[in-house]
Each structure stands twice: as structure tokens, then as C-alpha cells.
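S.K.: Spelled out, the chains give:
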Amino acid sequence: MKIAPGLNFRGSIGWKDRVLLRDLDFAARPGEWTCLLGASGVGKSTLLRLFAGLDDGIQFDGTLSDVSGQVAMMAQSDALLPWLTVLDNVLIGARLRGETADRSRGQDLLIDVGLGDHSHKRPHELSGGQRQRVALARVLMEDRPIVLLDEPFSALDALTRSQMQDLAAGVLRGKTVLMVTHDPNEAVRLGHRIIILTQQSLEAIEPPTGDIPRGIEAEDVLRIQAGLLQKLRTQI
Amino acid sequence: MKQLAVTCASIFLGLALWQGVIWATDLPRFILPAPALVAQTIWESRALLAENALVTISEVVLGLILGAALGFGSGIVLATSPRVRALVQPLLVFSQAVPVFALAPILTLWFGYGLGSKIAMALLIIYFPVTSSFFDALMRVPKNWLDMGHVMSANRARLLWHIRVPAALPGFASGLRLAAVYAPIGAIIGEWVGASKGLGYLMLLANGRAKTDLMFAALIVLAVFTLILHAGVSAFVKHWIERRFAPDQH
Ligand SMILES: Nc1ncnc2c1ncn2[C@@H]1O[C@H](COP(=O)(O)OP(=O)(O)OP(=O)(O)O)[C@@H](O)[C@H]1O
Ligand SMILES: [Mg+2]
Chain A
0 MKIAPGLNFR GSIGWKDRVL LRDLDFAARP GEWTCLLGAS GVGKSTLLRL FAGLDDGIQF
60 DGTLSDVSGQ VAMMAQSDAL LPWLTVLDNV LIGARLRGET ADRSRGQDLL IDVGLGDHSH
120 KRPHELSGGQ RQRVALARVL MEDRPIVLLD EPFSALDALT RSQMQDLAAG VLRGKTVLMV
180 THDPNEAVRL GHRIIILTQQ SLEAIEPPTG DIPRGIEAED VLRIQAGLLQ KLRTQI
Chain B
0 MKQLAVTCAS IFLGLALWQG VIWATDLPRF ILPAPALVAQ TIWESRALLA ENALVTISEV
60 VLGLILGAAL GFGSGIVLAT SPRVRALVQP LLVFSQAVPV FALAPILTLW FGYGLGSKIA
120 MALLIIYFPV TSSFFDALMR VPKNWLDMGH VMSANRARLL WHIRVPAALP GFASGLRLAA
180 VYAPIGAIIG EWVGASKGLG YLMLLANGRA KTDLMFAALI VLAVFTLILH AGVSAFVKHW
240 IERRFAPDQH
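Respectively, the protein sequence lines represent chains A and B.
Residue numbering for the first sequence follows numbering that gives the first Met the number 0, beginning at 0 and increasing consecutively.
Residue numbering for the second sequence follows numbering that gives the first Met the number 0, beginning at 0 and increasing consecutively.
FYI, nobody ran anything at the bench for these hints, they're computed from the structure.
Keep in mind the model is a prediction, meaning the values are calculated, not measured.
A hint or two may mislead.
[Claimed, not checked] No more than 20 angstroms apart at the CA atoms, straight line, and that leaves these computed lysine to aspartate or glutamate pairs for DMTMM-like: (1) K174/A <-> E31/A; (2) K230/A <-> D219/A; (3) K174/A <-> D142/A; (4) K237/B <-> D247/B; (5) K230/A <-> D182/A; (6) K142/B <-> D247/B; (7) K230/A <-> E202/A; (8) K120/A <-> E241/B; (9) K237/B <-> E124/A; (10) K15/A <-> D54/A; (11) K174/A <-> D65/A; (12) K210/B <-> E50/B; (13) K142/B <-> D54/A; (14) K174/A <-> E150/A; (15) K120/A <-> D247/B; (16) K142/B <-> E150/A; (17) K142/B <-> D55/A; (18) K174/A <-> E141/A.
[Unchecked claim] Listed next, with one range per pair, are the computed distances between beta-carbon atoms: (19) V18/A <-> N143/B: 20 to 30 angstroms; (20) K120/A <-> P81/B: 30 to 40 angstroms; (21) R139/B <-> S67/A: 20 to 30 angstroms; (22) R155/B <-> D107/A: 29 to 39 angstroms; (23) R139/B <-> V18/A: 28 to 38 angstroms; (24) I57/A <-> P246/B: 32 to 42 angstroms; (25) V87/B <-> H181/A: 39 to 49 angstroms; (26) S67/A <-> K142/B: 11 to 21 angstroms; (27) V18/A <-> K142/B: 20 to 30 angstroms; (28) D65/A <-> A68/B: 38 to 48 angstroms.
Ideal Cβ positions, reconstructed from N, Cα and C, are used throughout, including at glycine.
Same shape as in the complex, but just chain A (with noise of 0.2 angstroms):
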């Protein structure tokens, strides 16, 4: 497998004239799961946006990654379209190219993902976990190696979202990632690297060891857990 690229950002991020992150230096390392986390508004998303190259009226002053046709995205909602079947929402991203899709391989991603039996049937005939598993398929159709996650799984019951934490984990393998969250033990259970962004600065929390996705009930995984939501709620 090729090397994905890195993700790296060093500025300032605002709105019109309202700044929003000053002298910002953020770095995503290739091939990494990067989960980012902060207070609400704090401009989680603005940033991620700007690396989706979705610029809706961003400003933002300094050095940004150039990576225009490598990314694929996928947010809270799962923004499935409901006309299309599930196996066509998979393949969204050839027709929107004008390429022509391969559908078998949209079958086989359909059926990694759990839901090889549900491909014709349609979004709203479908669970909200479910669904995500499609979007989930989406993303590995585009076959990018920078995938942005922005709270994926933060609609999601407890048992679900820990069941698709270990999906992502496994079928995002090899891939640079950068994932907001609000959630601490996602945050433990999936970065390589954990980032609490702050309007003043950023700051790494040191990781749990061992390979992703990490057990729920693992002794420092618990500790460092602990530990986030203490920094968070202080940061409030």
C-alpha cells in the first residue's frame, strides 16, 4: 500500500473578519488516526472543512496542505440520498464524476461493512446505525487516502457506536485520518494521536499504547479516558 499524505495546516482560520484560530500550527500525520477534540464552536469542523476544500466563505491566512481529490468525507449525518438505492449511494461518487462505477466492488465494500443483503433496498428502510455503515461504504468506494470524519458516530447508541468504531478502525487501516469527536473514549480507543484544540493553541494528549481499535476495558485506555474529560471539563 502506497503512503497516504500527511495533513498540515499552519495560520490563522476566520470568518469574514472575525477571527476564529490564531497562528495555528496542526499537523495530521500520513497513514495515522488523528482525533480531535475541543469545545463546542471552537472550530473543529471550520478546520476540517478547510481541508475538505469546501470553502464556503472560510478565510484563513498562512500554509495549507494542498490535498484537492484525496479526501473523502463523512459527518454526523450521513447524508445518504434517499432516492438512490443503498447500492447506488455507495457509487454516488463515480456517477457525480461521470465515471462509471464499479458496482461490484460497491457489492463487496456493502458486504465488509455488514450489509451485503440490504443493497437494493433504500436509505429509509434502514437503521440509523445501518446507514451509517453505508456512508461508512461511500467512503471506501472513493478510495481516498485522507478520510475526515467529523463526529461520525455521535448519533449513534452506545452499542452501535462502538461496533462502528471497530469497523472504521479496521476498514480505514493505512489511511491518514482526522476525526473530531466529542466523545473521550472514542477519542482513547481510536487516536494514534489526540489533539484538544483551543482558541489559543493546540494540545496533544499522550495516547493510550497498542493498536487500534483499543479494548474499551484496558487498565490505561480507562485512565486516560479519565483524564480527557477532566482537561475538557476544565477547558469549558
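Once you've looked at the hints, dock chain B with the ligands against the given chain A.
M.R.: Just chain B with the ligands now, kept in the frame of chain A:
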């Protein structure tokens, strides 16, 4: 089944009220004919009614199809070109201040006494509701769908064709539902202003000759047609648009 029973009961109630007014007031039949007389007239003049109804129906259906097509095209142009939008939108809003009725004589002058002017009337009256509901829907496409398209490197045309238009079709559908109600109004007004065929023409003619029963007969045929048209368009829209493109809401 229950629905049908309720509908029948309500029709029966209407007829009973109608008959009741006649018994109570003893109005002459050229002012208010009895339901039975009107029914008899419908039967006896069925050929005349059918011939004129066919004319009105063609006007309405053609006006509906053309108006829907034109509204569809206009919605897309308005939604995709900010320049056209800036130029045309005030014009559209202003044009809504002119009652379409007032245009009927001019349209008759321009398009003649035949089908043309009535189709134009029906088209004009539905054009704005169809265009504006489709345009609004095109502008309200959920941002996360568009974001997904951008991240997947879609160009504007494909984004329009694969995401915006399908997402906005339910909005277009609600415009069509309205259009089905308005289109007959347009055609009838057109016929009133100048025509030699059609239900509107027949109503005026019957009225002028104090054949009130025939006028009521034409009115009832028109009402029945409008109801069927509305039901037909609703069923079409539900099956082909709403269930397909917004299944979570229908
Ligand atoms: N389109 C926009 N125009 C102007 N300001 C915006 C826009 N979108 C977001 N903002 C502002 O930017 C700031 C950061 O928003 P952002 O969505 O990045 O926060 P976040 O860290 O992702 O928060 P959350 O954890 O709640 O998702 C907020 O103060 C918000 O008001
Ligand atoms: Mg956010």
C-alpha cells in the same frame, strides 16, 4: 371504503340542501333549477356537453403540460444563474401583481379565439406557482448533500443533475398539485372572454338564453373534471415523484 361512504353522504347532503332551498323558496326554474332537472339536462345534452368538455379538457391539459415544462426550465435557469436571477426575479414578482384575468382580452387578441389563447391563459396562471415552488426547492437543497458532491469532485452540471434536481422534485410536485387546481380556472376565463367552444363558452351561452339548467349542467361537468384532474395529478405526483424522491416524508 369508509372514505367512499363519507363522500357519498356529503354529496347527498349537498343535493338535499339544494332541493331544500327550492322547496322552501319556490324559486322559478330559470333562477335555480332542481337537481333532478339538472341531472336530466346532463343526460339529454350529453353529446353537447361532451363535445365542449373535450375542448376545455384539451386546453387545460395542454396548458398544464406546457406550463409545467416551462416552469421546470425556468426554475433551473433561475437556480443556476445568479445573473439571470438578479435580472428576472423582480420582473416575476412584479408580473404577479397583474391579475392574470386582466390579461385574458389581450391574450385573445394575440392568440385568437381558438385553443391558443386558452392554453396561454392556463399556462400563465400556473407558470408562477410551478416555477417558484421548484426554484425554492432547488435553493433549499440540504447543504450536506452539496458538500458531499463537492468533496467528491462533482462539477456544477453533474451536481445539478444528480443532486439538486432530484432533491427538488418534491417541491416541483407541490407546484404541480397547485397547477392542477388553477389550470381549469385559466381555461374557463379564456373561454369567457372569447370562444366558440368549451364549457365556459357553453355556460355563457346557456346563461344568455336563460337555460339555467344547462348552465348548471356545464358547471357540474366542469367541477367533476377538475376533481378528476386533481386526483389524477395527485396520484401521478405521489407515485412518480414523492414516493421515489422523498420516501421518508411520504
Ligand atoms: N457559515 C458560517 N459563517 C460564519 N461563521 C460560521 C459559519 N459556520 C460556523 N461559523 C462559526 O465558526 C465557529 C466555529 O464553528 P465550527 O462549526 O467549526 O465549530 P465546532 O468546533 O465544529 O463546534 P461543534 O463542536 O459544536 O461542532 C462558530 O463560532 C460558528 O459560529
Ligand atoms: Mg462541528
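S.K.: Could you run down the list of hints and mark each one as holding or not?
M.R.: Outcome of the hint check:
Distance restraint check for K174/A and E31/A: the Cα-Cα separation of roughly 7 angstroms lies within the 20 angstroms cut-off, and the hinted pair is therefore satisfied. Using a Cα cut-off of 20 angstroms, the hinted pair K230/A and D219/A holds, with the two alpha carbons roughly 16 angstroms apart. Between K174/A and D142/A the alpha-carbon distance is near 9 angstroms, which keeps this suggested pair within the 20 angstroms criterion. Between K237/B and D247/B, the direct Cα distance comes to roughly 13 angstroms. Compliance with the 20 angstroms bound is thereby established for this hinted pair.
Straight-line distance between C-alpha atoms of K230/A and D182/A comes to about 13 angstroms, which keeps the hinted pair within the 20 angstroms bound. At most 20 angstroms may separate the alpha-carbon atoms for a hinted pair to count; K142/B and D247/B meet this at roughly 18 angstroms. In summary, the hint linking K230/A to E202/A is supported, as the alpha carbons are separated by about 10 angstroms, within the 20 angstroms threshold. Pair hint K120/A plus E241/B holds up; C-alpha atoms about 17 angstroms apart against a cutoff of 20 angstroms.
For the hint linking K237/B to E124/A, the alpha-carbon distance of about 18 angstroms falls within 20 angstroms, and the restraint holds. Under the criterion of a C-alpha separation no larger than 20 angstroms, the hint pairing K15/A with D54/A is consistent with the structure, at around 12 angstroms. Simply put, K174/A and D65/A have alpha-carbon atoms about 16 angstroms apart, close enough for the 20 angstroms limit, and the pair holds. Proximity of K210/B to E50/B is assessed by CA-CA distance (about 18 angstroms); at most 20 angstroms being required, the pair is judged to hold.
A threshold of 20 angstroms between alpha carbons decides the hint, and for K142/B with D54/A the separation of about 13 angstroms falls inside it, so the pair holds. As the CA atoms of K174/A and E150/A are separated by approximately 18 angstroms, the hinted pair is consistent with the 20 angstroms bound. For the hint pairing K120/A with D247/B, the CA-to-CA distance comes to about 13 angstroms; that is within 20 angstroms, so the pair holds. With a C-alpha separation of about 17 angstroms, the suggested pair K142/B and E150/A falls inside the 20 angstroms cut-off, and the hint holds.
Restraint check for K142/B and D55/A: satisfied, since their Cα atoms lie roughly 11 angstroms apart, inside the 20 angstroms limit. The straight-line distance between the Cα atoms of K174/A and E141/A is roughly 12 angstroms, inside the 20 angstroms bound, and the hint therefore holds. Distance hint for V18/A and N143/B: a CB-CB separation of about 26 angstroms, consistent with the stated range 20 to 30 angstroms. Separated by about 38 angstroms at the C-beta atoms, K120/A and P81/B satisfy the suggested range of 30 to 40 angstroms.
At about 27 angstroms, the beta-carbon gap between R139/B and S67/A stays in the expected band of 20 to 30 angstroms. Separation of R155/B from D107/A is about 32 angstroms and conforms to the stated range, judged on CB atoms against 29 to 39 angstroms. For R139/B and V18/A, the Cβ-Cβ distance of about 31 angstroms falls inside the hinted range of 28 to 38 angstroms, so the restraint holds. As the Cβ distance of I57/A to P246/B is approximately 34 angstroms, the hint placing it in 32 to 42 angstroms holds.
A hinted range of 39 to 49 angstroms holds for the C-beta pair V87/B and H181/A, which are about 45 angstroms apart. In this structure the hint that S67/A and K142/B lie 11 to 21 angstroms apart at CB holds, the actual value being about 20 angstroms. Hint check: V18/A to K142/B, Cβ distance near 24 angstroms, so the stated range 20 to 30 angstroms holds. Taking the beta carbon of each, D65/A and A68/B are about 44 angstroms apart, inside 38 to 48 angstroms as hinted.
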